[in-house]
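Visitor: Below, each chain spelled out in residue letters.
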Amino acid sequence: MFDRDIWQEIFHSIKNNKLRTFLTGFSVGWGIFILVMLLASVNGMQNGFYSQFNDDATNSIFIRPGNTSKAYAGFEAERRIQLKNDDIEYIKRSFPNDYEHISARFFKNTSARYKSETGSYSVQAVHPDHQVIEKTIVTHGRYINNNDLATSAKVAVIGRKVAQDLFKEEDAIGKFVEFNGLPFRVVGIFIDEGDDNAERGIYAPVTTYQRIYGNTENINQILLTYNSSYDLTKALEFSGRLENILKRRLKIAPEDQSGLRIWNYAEAFSDISSFTSVLSAIGIVVGILILVAGIVGIGNIMVFIIKERTKEIGVRKALGAEPAQIIKLVLLESVFITALSGFIGLLIATVLLSLIGPTIESPAFTNPSVSFSVVVTATIILIVAGVIAGLIPAMKAANIKPIVALRDK
Amino acid sequence: MIEIKNLHKSYKMGSNSLHVLKGINFSVKEGELVAIMGSSGSGKSTLLNILGMLDVANEGEYHLDGVPIKDLNETKAAKYRNKFLGFVFQSFNLINYKSAMENVALPLYYQKVGRKERQDKALKYLDQVGLKEWATHLPSELSGGQKQRVAIARAMAAEPKVLLADEPTGALDSKTSYEVMDLIQKINDEGNTILVVTHEEDIAQMCKRIVHLKDGVIVEDKKVKQVRASQYV
Numbered sequence: 000m001f002d003r004d005i006w007q008e009i010f011h012s013i014k015n016n017k018l019r020t021f022l023t024g025f026s027v028g029w030g031i032f033i034l035v036m037l038l039a040s041v042n043g044m045q046n047g048f049y050s051q052f053n054d055d056a057t058n059s060i061f062i063r064p065g066n067t068s069k070a071y072a073g074f075e076a077e078r079r080i081q082l083k084n085d086d087i088e089y090i091k092r093s094f095p096n097d098y099e100h101i102s103a104r105f106f107k108n109t110s111a112r113y114k115s116e117t118g119s120y121s122v123q124a125v126h127p128d129h130q131v132i133e134k135t136i137v138t139h140g141r142y143i144n145n146n147d148l149a150t151s152a153k154v155a156v157i158g159r160k161v162a163q164d165l166f167k168e169e170d171a172i173g174k175f176v177e178f179n180g181l182p183f184r185v186v187g188i189f190i191d192e193g194d195d196n197a198e199r200g201i202y203a204p205v206t207t208y209q210r211i212y213g214n215t216e217n218i219n220q221i222l223l224t225y226n227s228s229y230d231l232t233k234a235l236e237f238s239g240r241l242e243n244i245l246k247r248r249l250k251i252a253p254e255d256q257s258g259l260r261i262w263n264y265a266e267a268f269s270d271i272s273s274f275t276s277v278l279s280a281i282g283i284v285v286g287i288l289i290l291v292a293g294i295v296g297i298g299n300i301m302v303f304i305i306k307e308r309t310k311e312i313g314v315r316k317a318l319g320a321e322p323a324q325i326i327k328l329v330l331l332e333s334v335f336i337t338a339l340s341g342f343i344g345l346l347i348a349t350v351l352l353s354l355i356g357p358t359i360e361s362p363a364f365t366n367p368s369v370s371f372s373v374v375v376t377a378t379i380i381l382i383v384a385g386v387i388a389g390l391i392p393a394m395k396a397a398n399i400k401p402i403v404a405l406r407d408k
Numbered sequence: 000m001i002e003i004k005n006l007h008k009s010y011k012m013g014s015n016s017l018h019v020l021k022g023i024n025f026s027v028k029e030g031e032l033v034a035i036m037g038s039s040g041s042g043k044s045t046l047l048n049i050l051g052m053l054d055v056a057n058e059g060e061y062h063l064d065g066v067p068i069k070d071l072n073e074t075k076a077a078k079y080r081n082k083f084l085g086f087v088f089q090s091f092n093l094i095n096y097k098s099a100m101e102n103v104a105l106p107l108y109y110q111k112v113g114r115k116e117r118q119d120k121a122l123k124y125l126d127q128v129g130l131k132e133w134a135t136h137l138p139s140e141l142s143g144g145q146k147q148r149v150a151i152a153r154a155m156a157a158e159p160k161v162l163l164a165d166e167p168t169g170a171l172d173s174k175t176s177y178e179v180m181d182l183i184q185k186i187n188d189e190g191n192t193i194l195v196v197t198h199e200e201d202i203a204q205m206c207k208r209i210v211h212l213k214d215g216v217i218v219e220d221k222k223v224k225q226v227r228a229s230q231y232v
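So the sequences go chain by chain: A and B. Under numbering that gives the first Met the number 0, the first residue of the first sequence is numbered 0, with each subsequent residue one higher. Under numbering that gives the first Met the number 0, the first residue of the second sequence is numbered 0, with each subsequent residue one higher.
Don't read these hints as lab results, they were simulated from the structure. There are no misleading hints in this set.
Taking lysine to any residue pairs in the SDA-like style, the calculated list, with each CA pair at most 20 Å apart, reads:
| # | chain 1 | residue 1 | chain 2 | residue 2 |
| --- | --- | --- | --- | --- |
| 1 | B | Lys78 | A | Asn398 |
| 2 | A | Lys246 | A | Ser93 |
| 3 | B | Lys97 | A | Thr309 |
| 4 | B | Lys69 | A | Pro322 |
| 5 | B | Lys111 | A | Pro322 |
| 6 | B | Lys97 | A | His11 |
| 7 | A | Lys14 | B | Lys97 |
| 8 | A | Lys310 | B | Lys97 |
| 9 | A | Lys400 | B | Lys82 |
| 10 | A | Lys327 | B | Lys111 |
| 11 | B | Lys78 | A | Pro322 |
If you're wondering where the values come from, they're calculated on a predicted model, not measured in any experiment.
Just chain B, with the same shape it has in the complex:
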């Protein structure tokens, strides 16, 4: 599903440049649930941004579902993001004046899906995250955990190849975190490929594989026995 080879990324900070990713080689197969771990500054978010086509690497190759991701202009990147990727952010990033359902329907809007179908699909995904009754509520009327579930429904609505979650539980208490992880696990059980960036060990243990990043290189890449979040819920 994801193939990256010798990925380098550096940021210019004034006169000196900061080398964030120093040759990452990494691949993810379909249906995997991968945790990317590392302390802050390890490059994990940068890696996720590059995987999410929100940022571009200086060097290296990146294939997503067999498609080489390079030389993207804004329009093309937008199309690929829409087609391949679903995003879940730490701060949810719901649009505050749109109801839960409208938020979920938004990626479908950019896929130019008709209004009626969009609403049906949005409701379906809201139902999957258990928030069907909250469809008409604004994000401000939802709790943090509910917001993140709406965001996950939104990410799933476009039926992406890969779900990218950047600290999805970073802004949640532990109980809600487990609820969210339970949801992510269930989505993964259906065969979806998911990458989770986190710095919390317990969250990482709920994935099937943990990739440790340190100072821009992968220091550890191991399969783990998945801890089911449902037992904590």
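Chain A extracted, bound-state conformation:
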């Protein structure tokens, strides 16, 4: 393998066939390049899909009430369903092992004022668990806590944009801001990686807002995360049970789709995963098919080189070269050309990806890149490909009869 003479011969034969070696090497490099690019594109799509969801926990379930579409249990159709605090308690009681975090959402718009700055924002009044479910990142101060909830404290966690609008350069933490005339103390500032608009929001304790708005028990939505150890089937089974029980409790017909909507991320996720795995399978198949063309090309050039060197191989055999040594020479040359050109393709692809990959940030396509394992796999494929490409020519070379090769005609 590390025999200097063998390498010298390989370089000689490459040097003597520069253009041909380049053209065939190009086809293999191109094949690997396309394979890597395809896999990276699939990866980019996957990243894109996941980033669409990444501001929510991936095991979350959203419960949204609507209007019933069917008359049921003595109620008319088109009844507005209203969720209440009790419903949360009921879910907690009924599914103690199934949920991990649960929070209400109670929406109100507010006009906020700090000194001379004003702005109109939407307030989401929530439970402390909401932070985990929404993956809210608090950069300054803290989130809503249980103490705020118990005391119905007038505190608020404001988005980065809100802080910018109202406080400008000032430090917002601890300052009082007026929401519809009522003073709220800012306890935290959050950012949202998912989208900038979310940073124009405000979180407040749900109990505080319910008290302000007429001591109501009403809530707009319930968010929860299911036990993260659940797989897809268990997650779907749980959201099914949740739906049945809530529909019974809220007196909605079991088949009524619009009275209560339960949105389970597991479903969307499983769709995406199977979609992207089909895509990567297609990518791999197409990439390998292109690579096969390259391998055939290398095999072709090797056959040609052998044919050209028939006499030389005959001489070598007359001088005492064993068939195994001839095979080794041809295989090594083929593996060398394949691996070298493949690596160049691989290198160009990875460099290209690392340069332009991070700059691509569209909703459906984010940071296309390849993992280390893909690179390793591609390398193994290349070496195997080189051996396959060289095998037939090598056998041909080993079978050259010196007497035929040396015939002067």
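We have chain A already, so just place chain B on it with the hints.
Guide: Relative to the frame of chain A, chain B by itself:
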């Protein structure tokens, strides 16, 4: 050194077979310089190919240095060729992208001799054929006679028991031919066994024994008084 008994060889040419060697009995002692002569088609090259283990006989026995040469697979044949035989061809058959020295070192490479020793030996043999200064030159930079001398150095480098030369002067003009023959004679003077296939009478006369082949049988086998090539050089 070489013992052959009742050697037969025929080639299949389509439906009919061509009987090329029809029972050759022949032996060569150590240190002999034998010319094998005959017109084309007489079987002389076939005989040399069989002696060189490049081809196999259909029938008969062949002993080389006491070793029976039979049932050879490719690997074994390669080993024997490397160990016992040196070849010199009419068309030199140097490897065109290797320098003179690398060409000479090639059989040593197949003997798995180390790189340094290989180069030393190659230089030594190049020196013997008077081409030490040409060691780094490619075959394309050498004249025909020089090429053949490199080929002879290559054949000698493995220190074979027998040197087989197939029309070594066939592609050379007469002056160069004599130079090459002078070299062959000198190598023979050192005690090496050499077989030369030729159809040129003057070349044959420079050997010590002439074997005439005609239609696949030996028609004449005589010792001759060697004509020294050095007088023509």
